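Going by our numbering, the residue at position 70 of the sequence shown is 72; the numbering climbs one at a time, nothing skipped.
Hints listed in this document are in silico derivations from the structure and should not be mistaken for laboratory results.
Don't take each hint at face value.
Label-pair distances were calculated between CB atoms; the ranges are [what the hints assert, rightly or not]:
hint : residue 1 : residue 2 : range
1    : Ala93     : Pro42     : 33 to 39 angstroms
2    : Gln48     : His94     : 36 to 42 angstroms
3    : Ala41     : Thr106    : 37 to 43 angstroms
4    : Gln105    : Pro79     : 17 to 23 angstroms
5    : Pro44     : Ser96     : 19 to 25 angstroms
6    : Ala41     : His94     : 29 to 35 angstroms
7    : Pro42     : Ala108    : 39 to 45 angstroms
8    : Gln48     : Ser96     : 43 to 49 angstroms
9    : Gln48     : Lys143    : 17 to 23 angstroms
10   : Gly99     : Pro44     : 39 to 45 angstroms
11   : Asp154    : Leu100    : 27 to 33 angstroms
Here are the simulated BS3-like cross-link-like pairs (lysine-lysine), alpha carbons at most 30 angstroms apart as the crow flies [stated by the list, open to error]:
hint : residue 1 : residue 2
12   : Lys80     : Lys47
13   : Lys71     : Lys47
14   : Lys47     : Lys119
15   : Lys122    : Lys143
16   : Lys143    : Lys47
17   : Lys80     : Lys143
18   : Lys71     : Lys143
Owing to the predicted nature of the structure, the values given are computational and were not obtained by experimental measurement.
Ideal Cβ placement from N, Cα and C applies to all residues, glycine included.
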Amino acid sequence: MACVSLIIVCMYATNPNSHNPSSPASVRALAMLRSALSAPYPPDKQDAPPLQFNLEIVERTPPTPDQIKTIMSYLQPKGSENPQYSAILSAHASAPGLSEQPQTAAAISNLVARNPKALKWPLVVDWHGGRASVGDVDGVKAILEALRQRRDGGVEDDVNRPTGWFS
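Between the sequences and the hints, there should be enough to build the whole structure, so can you do that?
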C-alpha cells in the first residue's frame, strides 16, 4: 500500500477535521485524495476500484528539516545538487522577499513554524513513490495518476533503484 501524506495548515481551525477556508487548494486536494480512497478511481470509470494508500493529514505542524530535504529531492530535477527552496515558498505578503529567503531546510522549517503562510499549500507527498506536489492541485492529480498506474500494473516504482551508471 502506498503512503501518501497530505500536509495542511489550519491556523484558525478549532476542529481538527476542519481546514482553513483561506486555502481552497488544500480543501480541493484533500477532497480529491479522500474521493480516490472511497470511490472509483479514475472517477470516470465506474467499474474501477478506489486507490489504496494511507492518507495522513498533518495540521499545525511544519515539515521537519529532514522532510523538507526529502521533498526537495523529489521536486528538483535529477542530477541537480542545489535545492531551489524558493519553489516551495509562497508569494504571500508576509513571506520573505527573494533576497531574504532562507537557504537551508532548517531555516525553511523555522520560517514555516513562525509563519505558515510562507509555504505554498497544499503539500502532498508520496513517500513511497518519491513524488511531491507543493501548492498545486494538478500535482496532486499527477500523484494520484501515478498511484493508479502502479495499481493497474502500468509502471514500476523507481525508488531505491540505482541511478547513473547502473541504470
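Hint check:
1. Between Ala93 and Pro42, the C-beta spacing of about 37 angstroms keeps the proposed range 33 to 39 angstroms intact.
2. Checking the proposed 36 to 42 angstroms range against Gln48 and His94 shows it holds: the Cβ atoms sit about 40 angstroms from each other.
3. Checked against the hint of 37 to 43 angstroms, the pair Ala41 and Thr106 passes, with Cβ atoms roughly 41 angstroms apart.
4. Evaluation of the 17 to 23 angstroms hint for Gln105 and Pro79 yields a pass: the beta carbon distance comes to about 19 angstroms.
5. Distance hint for Pro44 and Ser96: a CB-CB separation of about 38 angstroms, inconsistent with the stated range 19 to 25 angstroms.
6. Between Ala41 and His94 the Cβ separation comes to about 33 angstroms, which falls inside the hinted range of 29 to 35 angstroms.
7. Between Pro42 and Ala108 the CB atoms are about 42 angstroms apart, so this pair conforms to the stated range of 39 to 45 angstroms.
8. Remark: the range hint 43 to 49 angstroms for Gln48 to Ser96 is upheld by a beta-carbon distance near 44 angstroms.
9. Distance hint check: the CB atoms of Gln48 and Lys143 are about 19 angstroms apart, consistent with the given range 17 to 23 angstroms.
10. Range check, Gly99 to Pro44: Cβ separation about 41 angstroms, and the 39 to 45 angstroms hint holds.
11. Roughly 42 angstroms separates the CB atoms of Asp154 and Leu100, a value that falls outside the hinted 27 to 33 angstroms.
12. Using a Cα cut-off of 30 angstroms, the hinted pair Lys80 and Lys47 is violated, with the two alpha carbons roughly 34 angstroms apart.
13. At roughly 37 angstroms between alpha-carbon atoms, Lys71 and Lys47 are farther apart than 30 angstroms, so this suggested pair is violated.
14. Restraint check: the Cα-Cα separation between Lys47 and Lys119 comes to about 37 angstroms, which exceeds 30 angstroms; the hinted pair is violated.
15. A hinted pair counts as satisfied when its Cα atoms are at most 30 angstroms apart, and Lys122 with Lys143 qualifies at roughly 17 angstroms.
16. Straight-line distance between C-alpha atoms of Lys143 and Lys47 comes to about 16 angstroms, which keeps the hinted pair within the 30 angstroms bound.
17. For the proposed pair Lys80 and Lys143, the alpha carbon gap of about 21 angstroms is at most 30 angstroms, so the pair holds.
18. Between the alpha carbons of Lys71 and Lys143 the distance comes to roughly 23 angstroms, so the proposed pair stays at or under 30 angstroms and holds.
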